[in-house]
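Chains as they are written, first to last, in this note's numbering: chain C, 371 to 670; chain V, 191 to 499.
Treat the hints with care, since some could be wrong.
As the list claims (entries may be wrong) - Computed cross-link-like contacts, DSSO-like style, restricted to lysine-lysine with a CA-CA straight-line distance of at most 30 Å: (1) V:K316 - V:K229; (2) C:K659 - C:K470; (3) V:K220 - C:K667; (4) C:K567 - V:K229; (5) V:K220 - C:K552; (6) V:K379 - C:K667; (7) V:K398 - C:K470; (8) V:K229 - C:K660; (9) C:K470 - V:K494.
Keep in mind the hints are simulated off the structure, nothing from the lab.
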Amino acid sequence: MVMKSEKDTSEKRFKNIILVSGLSVIILLIAIFLTLLIASIPAIKTFGLGFFISKHWDPSLEKFGALPFLYGTLITSFLALIISIPFSIAISIFLGEYFKDGLLSTFLRSSTEVLAGIPSVIYGLWGLFLLMPITRYIQTLLGTTPYGVGIFTASLILSIMIIPFSASIGREVVSLIPADLKEAAYSLGATRFEVIKNVIIPYARSGIIAGILLAFGRAIGETMAVTMLIGNSNFLPKSIFSPANTMASVIANEFAESTGIAASSLVYIGLVLFLVTTLVNIAGTYVIKKISLEASKEVT
Amino acid sequence: MDTAQDIENDKIIPFPSPVMIQEDKTIDNKTHLKLRIIKDRLFKYIVIVFSLLSFLPLLLILFHITKNGISVINWSFLTELPKPIGEIGGGIYNSIIGSLMLILLSSIISIPLGISAGIYLAEANKGRLSNIINLCIVVLQGTPSIVIGIITYLWVVAPLGGFSALSGGIALSIMMLPVIIKSTEETLKLIPYHLKEASLALGVPYYKTILKVILPTGISGIMTGILLSVARITGETAPLLFTAFGNQFLNYNIFKPIDSLPYRIFYYAMSPYPEWHGFAWGASFILVVIVLAFNLIARGVSAKWKVQF
Numbered sequence: 371m372v373m374k375s376e377k378d379t380s381e382k383r384f385k386n387i388i389l390v391s392g393l394s395v396i397i398l399l400i401a402i403f404l405t406l407l408i409a410s411i412p413a414i415k416t417f418g419l420g421f422f423i424s425k426h427w428d429p430s431l432e433k434f435g436a437l438p439f440l441y442g443t444l445i446t447s448f449l450a451l452i453i454s455i456p457f458s459i460a461i462s463i464f465l466g467e468y469f470k471d472g473l474l475s476t477f478l479r480s481s482t483e484v485l486a487g488i489p490s491v492i493y494g495l496w497g498l499f500l501l502m503p504i505t506r507y508i509q510t511l512l513g514t515t516p517y518g519v520g521i522f523t524a525s526l527i528l529s530i531m532i533i534p535f536s537a538s539i540g541r542e543v544v545s546l547i548p549a550d551l552k553e554a555a556y557s558l559g560a561t562r563f564e565v566i567k568n569v570i571i572p573y574a575r576s577g578i579i580a581g582i583l584l585a586f587g588r589a590i591g592e593t594m595a596v597t598m599l600i601g602n603s604n605f606l607p608k609s610i611f612s613p614a615n616t617m618a619s620v621i622a623n624e625f626a627e628s629t630g631i632a633a634s635s636l637v638y639i640g641l642v643l644f645l646v647t648t649l650v651n652i653a654g655t656y657v658i659k660k661i662s663l664e665a666s667k668e669v670t
Numbered sequence: 191m192d193t194a195q196d197i198e199n200d201k202i203i204p205f206p207s208p209v210m211i212q213e214d215k216t217i218d219n220k221t222h223l224k225l226r227i228i229k230d231r232l233f234k235y236i237v238i239v240f241s242l243l244s245f246l247p248l249l250l251i252l253f254h255i256t257k258n259g260i261s262v263i264n265w266s267f268l269t270e271l272p273k274p275i276g277e278i279g280g281g282i283y284n285s286i287i288g289s290l291m292l293i294l295l296s297s298i299i300s301i302p303l304g305i306s307a308g309i310y311l312a313e314a315n316k317g318r319l320s321n322i323i324n325l326c327i328v329v330l331q332g333t334p335s336i337v338i339g340i341i342t343y344l345w346v347v348a349p350l351g352g353f354s355a356l357s358g359g360i361a362l363s364i365m366m367l368p369v370i371i372k373s374t375e376e377t378l379k380l381i382p383y384h385l386k387e388a389s390l391a392l393g394v395p396y397y398k399t400i401l402k403v404i405l406p407t408g409i410s411g412i413m414t415g416i417l418l419s420v421a422r423i424t425g426e427t428a429p430l431l432f433t434a435f436g437n438q439f440l441n442y443n444i445f446k447p448i449d450s451l452p453y454r455i456f457y458y459a460m461s462p463y464p465e466w467h468g469f470a471w472g473a474s475f476i477l478v479v480i481v482l483a484f485n486l487i488a489r490g491v492s493a494k495w496k497v498q499f
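The whole structure should be built from the sequences, with the hints applied where relevant.
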C-alpha cells in the first residue's frame, strides 16, 4: 500500500507540475498586460486618449503626446510593406510553384532563413554604413537636407527584414493549393501565368494577406534597426526623408533615462504597441489556421 | 460597322463579343496565343528577377560583415577588454563572456519551464484551456522585444534597484519560452501512440513513461527548438537595453550589469569614432558566426538524432 500511495503522489506531482507550467504562460501574459496597464495609469490619467492626438513630446515641460511616434510607426511599417510585397509574393510563387524543389529552391529557401536569422542590430549597422550614404545621395539629388537617416532609410531596412516572414508563409500557402485545381486549369489550355493569376492567387489570397499581416506586426515592433536609422526626432515628420521616431524607437531611446510621468508615458506607448501587435498576430494566426484546416479537409 | 456602333451606344459587350466572332479567327488565335505565351514568359522572368533581387541584401550584408569584420579580428580582439578611445587595441572579451552568461541564465530559466509546458500541451486533452494557452503562446511570440524589456525593467530592475545580468536573462528567457514550448509540443505529438501504450502496458507509471520513454524519443526535436530559440535570443538587443544594460568591464556577478555582443555592436555603431565602427563590424562578424552556428547545429541535431518510426 505504501508503494502505491508513493507512486500516486509522484504521479499527481508530475501532473501538477506540467499543469502549472502550462498555466504559467497564461499568467505570464496576463501579468505583462496588467503591469503595462498599471505602470501607464499616471499617463492615462493625465493625458487620456488625447495622448494620441497631441503632437508635442517635451520631457522638460512634461508635455507628452504620442502622435509623432504613432505616425512614424505607421508610415515606416506601411512603406516597408509596400516595398516588400512584390518581393515576398515573387518568392512565394518562385518557391511554391515554379521551383518547388531542386538546388535553386533549396538555395533561396535557406538564404531567406539566414536572412531571418540575422540579428536586427546587424541590419542597423549595415544600414548605417550602406543605406545611409545611398539615401544621402538621393537627398542631394532631390535638393533636400541630406540627413541620410530618416523614415525612408528605416523603411528600406524594415522591408528587407520582413521579406523572409511574409515569403515563408506565402510559400506554404501557395504549395498547399490542391493539385487538381491547377491541373484542371492546365487541361483547359491555361498557361502557367493564367493558372497563377486565376487559380493560385485567388486561392492563396487570404493566406498571403495573413502573411503580410504578420509581417506588419513584426515591422511595428521592430526596434533596433529602426532606432539606429530613423534619426530620432520627436517632431512630426514633414516628408518621407525627414528624421522621425517610431513607438518602439522612442522607448528604446528614452526609457532608461526617464522617471515619473515621462516613464509612464513611455509605458503607455508600450501598452499600445503590445495591444496592436497582439491583435495583428491573433488575426494573422487565425486566418492561417483556417486555411490549413481547409486544406487538410480537402485532402481527406 | 453596325455592331461597333451598337457597342459604342450600349457600352455593354455581350459574350461572346460580336467583334471577336466577326474577325478572322486563325490570325486572331495565333496572335492571341503568342501574346499569352509572351505574357507567361514575361511573368516568369519577373518572378525570377524579383526573387533573386531579394537575395541581394543577404549577399551584401554577409559580404560587408566579412570584409569589414575579418580585418579587425585577431587574438587580442577576442581576449582583451575594451580600451578607452585613443588607445590602440582592446577587444570584446567581456561582451563574449556576457553573451554566454546571458544565454546560460535564460536557458536555465526557460528550458525546464518550456519543456514541461510543452508536455502539458501535447498530453492534455484538446480543450478550451489548451486553446487559450496556444493563443497566449502566439501572442507572447509576437510581443515586441522592446515591450519585454520594459516588463523586465518593471519586474526585476526596479525592485532590485539596478541593471543586472539576471534581469537580462529573465527578459531573454521570456523570448525563448514560446519557441521551446511550441517545438516540444509539436515533437511529442508526432511520437506514435503505441510507444506510450507499450510502456503503460508494462506497468510503468504515467510520469515515468513520459520522462523515460516519450521525452528521450523526442529529444532531437526538443533540442532543435532549444537551439533555434538560443539563436534567436543571442542577437537580441532591445530587451537588454534597460535590463542587462552594458558594462565596459568583465563581470561574473549576475546582480551587476553585464555586457553582450549585440549591445556592444549597438554602442560602437552609434559612436562617432571610426575605430569603434571597425570594432562593431568585428563583433558583428562573431555574432553572425555564433547565430549561424546555432542554426546549423540545430539542423544537424534534427537530422542526426531523429528517431525513425
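Proposed proximity, V:K494 with C:K470 (alpha carbon, max 30 Å): holds, 25 Å
Agreement of V:K379 and C:K667 with the hint, judged by alpha carbon distance not exceeding 30 Å: holds, 20 Å
Pair hint V:K220 and C:K667, alpha-carbon separation not exceeding 30 Å: Measuring from Cα to Cα gives roughly 41 Å; hence the hint is violated.
Pairwise hint evaluation, V:K229 against C:K567, where the allowed Cα distance is 30 Å at most: holds, 11 Å
Given pair status - C:K660, V:K229, alpha carbons within 30 Å: Violated, because 33 Å separates the two Cα atoms, which is more than 30 Å.
Hinted pair V:K398 and C:K470, Cα distance within 30 Å: violated, 43 Å
30 Å Cα cutoff - pair C:K659, C:K470: holds, 22 Å
Hint consistency between V:K316 and V:K229 [alpha-carbon to alpha-carbon, up to 30 Å]: Given that 30 Å is the threshold and the Cα spacing comes to 49 Å, the pair is violated.
30 Å Cα cutoff - pair V:K220, C:K552: holds, 24 Å
Going through the hint list in order, the structure does not satisfy hints 1, 3, 7, 8.
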